[in-house]
Amino acid sequence: MTTLTAACAVFAIFILLIILTYIFVRGITAINLEFLIDTPKPVGEGGGIGNAIVGSVLMTGLATVIGLPIGVGAGVYLAEFGQNWFGNSVRFVADTLIGVPSIIVGIFIYTLIVLPMGRQSGLAGALSLAIIMIPIVARTTEEMIKLVPNSMREGALALGAPQWRVTWNIVMPAAASGIATGAMLAIARISGETAPLLFTALNSRFYNYFFDQPMSSLTVQIYNYATGPYDVEHQMAWAATLILVTLILVINVVVRYLTRKKF
Amino acid sequence: MASKISISNLNFFYGKEQALYDISLEIPEREVVAFIGPSGCGKSTFLRTLNRMNDTIPIAKVDGTILIDGQDIYSPKTDVVALRRKVGMVFQKSNPFPKSIFENVAYGIRINKMYKSKADLNEKVEKALKDSALWDEVKDRLNTSAFGLSGGQQQRLCIARALAVQPEVILMDEPASALDPIATQKIEELVVELKKDYTIVIVTHNMQQAGRVSDKTAFFMLGKLVEFNPTQKMFMNPDEKLTEDYITGRFG
Numbered sequence: 000m001t002t003l004t005a006a007c008a009v010f011a012i013f014i015l016l017i018i019l020t021y022i023f024v025r026g027i028t029a030i031n032l033e034f035l036i037d038t039p040k041p042v043g044e045g046g047g048i049g050n051a052i053v054g055s056v057l058m059t060g061l062a063t064v065i066g067l068p069i070g071v072g073a074g075v076y077l078a079e080f081g082q083n084w085f086g087n088s089v090r091f092v093a094d095t096l097i098g099v100p101s102i103i104v105g106i107f108i109y110t111l112i113v114l115p116m117g118r119q120s121g122l123a124g125a126l127s128l129a130i131i132m133i134p135i136v137a138r139t140t141e142e143m144i145k146l147v148p149n150s151m152r153e154g155a156l157a158l159g160a161p162q163w164r165v166t167w168n169i170v171m172p173a174a175a176s177g178i179a180t181g182a183m184l185a186i187a188r189i190s191g192e193t194a195p196l197l198f199t200a201l202n203s204r205f206y207n208y209f210f211d212q213p214m215s216s217l218t219v220q221i222y223n224y225a226t227g228p229y230d231v232e233h234q235m236a237w238a239a240t241l242i243l244v245t246l247i248l249v250i251n252v253v254v255r256y257l258t259r260k261k262f
Numbered sequence: 000m001a002s003k004i005s006i007s008n009l010n011f012f013y014g015k016e017q018a019l020y021d022i023s024l025e026i027p028e029r030e031v032v033a034f035i036g037p038s039g040c041g042k043s044t045f046l047r048t049l050n051r052m053n054d055t056i057p058i059a060k061v062d063g064t065i066l067i068d069g070q071d072i073y074s075p076k077t078d079v080v081a082l083r084r085k086v087g088m089v090f091q092k093s094n095p096f097p098k099s100i101f102e103n104v105a106y107g108i109r110i111n112k113m114y115k116s117k118a119d120l121n122e123k124v125e126k127a128l129k130d131s132a133l134w135d136e137v138k139d140r141l142n143t144s145a146f147g148l149s150g151g152q153q154q155r156l157c158i159a160r161a162l163a164v165q166p167e168v169i170l171m172d173e174p175a176s177a178l179d180p181i182a183t184q185k186i187e188e189l190v191v192e193l194k195k196d197y198t199i200v201i202v203t204h205n206m207q208q209a210g211r212v213s214d215k216t217a218f219f220m221l222g223k224l225v226e227f228n229p230t231q232k233m234f235m236n237p238d239e240k241l242t243e244d245y246i247t248g249r250f251g
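Quick note, the sequences are listed as chains Z and F, same order.
Going by numbering that gives the first Met the number 0, the letters in the first sequence line up with residues 0 to 262, in that order.
Going by numbering that gives the first Met the number 0, the letters in the second sequence line up with residues 0 to 251, in that order.
Please keep in mind that the hints were generated in silico from the structure rather than gathered at the bench.
Only a predicted model underlies this, so the values are computations on that prediction, with no experimental measurement involved.
Where a beta carbon is used, it is the ideal one built from N, C-alpha and C, also for glycine.
Be careful, since some hints might not be right.
[Said to hold, decoys possible] If you only want the chain Z side, here are some residues facing chain F, beta carbon under 7 Å, derived:
#1 ALA8
#2 GLY45
#3 LEU96
#4 LYS145
#5 SER150
#6 GLY154
#7 LEU158
#8 ALA160
#9 PRO161
#10 VAL165
#11 ALA173
Chain Z extracted, bound-state conformation:
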């Protein structure tokens, strides 16, 4: 039994390692400073993904700023006060939303934001990412908060702490590292999304720091390079992939460090 499960574990890690190594080997050759800061250029003239990196960071950032508090708040509600018909409905809807293909979220935002605005924008992209993020964060937060033993809540209540303080000072810190892990998964997930950005944020050949304009992103840029006919473009797609994976890894390590268990 141990051997069998260990074999499965090794296999799972092995595949991941192969993918990572392959990305690294294919991507590393095309990476240089120019590639990291340049904007895309016509084939043969070099060019880079500087604007895509900025766009991805901006949109993921805004999506996180919108989605994380709402998701965590909803999760706290579900765990602490959601033992009623309303909580059950929210839970059901959240689970359904998690299963909705992300391109459908893109269509939704396209109809809701892009059409009235008359153009694609970074805001529309960020909003669709936020919508994908919220249910994931809510459900993982709920699970993590449920793991905090009830005796801890009672201990704080018995000291005369009002309910909100119990949740805020005792329960949430106790669940913090778990909540952060959930948030990480959600951020990793949305920074890898392409479909909902295709017709919300579209793409841009230029550096763009404003959310009311179309915005480039690593994933859409990878898509464009990868579907192009030239080998140079495929090279750049690999390189951009390596950058994306590295970014996600860095965020992961930093957040884990910041929320490591102190007590």
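Fit chain F to the supplied structure of chain Z, relying on the hints for placement.
Here is chain F on its own, set in the frame of chain Z:
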């Protein structure tokens, strides 16, 4: 001796299930009252009505009156937060917060804004730890995790945490049931020491413990108060046959 807590005709329900039947009891000030009885007899439930911890159970229903210093704690005007500050509680399983030793004790002081300055806070934490006989063991590692303490130390930390908010009554729900004999002895000595300043109600499974620490003992069975008498009388010459049977170990 004046009554600190006065309970009359208390009935308690979990949904349709009645857990306590018509209990009336006077708990005197600065004495230790022990609640004994077999498992599931309602002694813990009863203890938790005294600081309204049962409020956290949605289906719980209380009927009857409980007066603390003459004030009805179930009146709609009662401030539950103030009540719980006045009536502290120590639980069966020690439940320190995932914070440092210092912050565990400081928590109640902080949330109730009971300190004037950082120095005042330090002083109050020190006093609470001294009163719970833990100071000498932890004074050099106040900023380390509370989970690094032994079970008995954790339980005394929880007592210190309860003492820190300067309650008048302390409810203890089998505080030593998970501890070894030496740690238990320390808790018992502490209880006897604390009754100089506090009114203490202690639930225990251990009849010798009730005999050692309490002034009065209440014997519960199946949600009813069978007998309430001075501990000595209870153990030497109980009024009820049922009490005698329980104490001599004929059942339970």
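**Request:** Using 7 Å as the Cβ threshold, decide whether LYS145/Z counts as touching chain F.
**Result:** The hint is violated - LYS145/Z has no Cβ within 7 Å of chain F, the shortest such distance being about 15 Å.
**Asked** Taking the closest Cβ pair, is GLY154/Z under 7 Å from chain F?
**Response** holds (4 Å)
**Prompt:** Per the CB criterion, is ALA173/Z less than 7 Å away from chain F?
**Reply:** Since the shortest Cβ distance to chain F is 5 Å, the answer is holds.
**Prompt:** Would the hint on ALA160/Z stand, with a C-beta cut-off of 7 Å toward chain F?
**Reply:** Because about 5 Å separates ALA160/Z from the closest Cβ in chain F, which is inside the 7 Å limit, the hint holds.
**Message:** Under 7 Å is the threshold here; is the Cβ of PRO161/Z close enough to any Cβ of chain F for the hint to stand?
**Reply:** PRO161/Z check passes; min Cβ-Cβ to chain F is 6 Å, inside 7 Å.
**Item:** Interface hint compliance - SER150/Z to chain F, C-beta minimum distance less than 7 Å
**Value:** Holds. Min distance 4 Å.
**Asked** If you take the shortest Cβ to Cβ gap from ALA8/Z to chain F, is it below 7 Å?
**Response** violated (29 Å)
**Item:** Restraint outcome when LEU158/Z is required to lie within 7 Å of chain F by C-beta distance
**Value:** holds (4 Å)
**Closest C-beta approach of LEU96/Z to chain F relative to 7 Å, hint status** = At about 28 Å, which exceeds the 7 Å cut-off, the nearest Cβ of chain F leaves the hint on LEU96/Z violated.
**Prompt:** Holds or violated: is there a CB of chain F closer than 7 Å to the CB of VAL165/Z?
**Reply:** violated (9 Å)
**Item:** chain F contact restraint on GLY45/Z - CB to CB distance below 7 Å
**Value:** The hint is violated - GLY45/Z has no Cβ within 7 Å of chain F, the shortest such distance being about 53 Å.
Hint violations for this structure: numbers 1, 2, 3, 4 and 10, all remaining hints satisfied.
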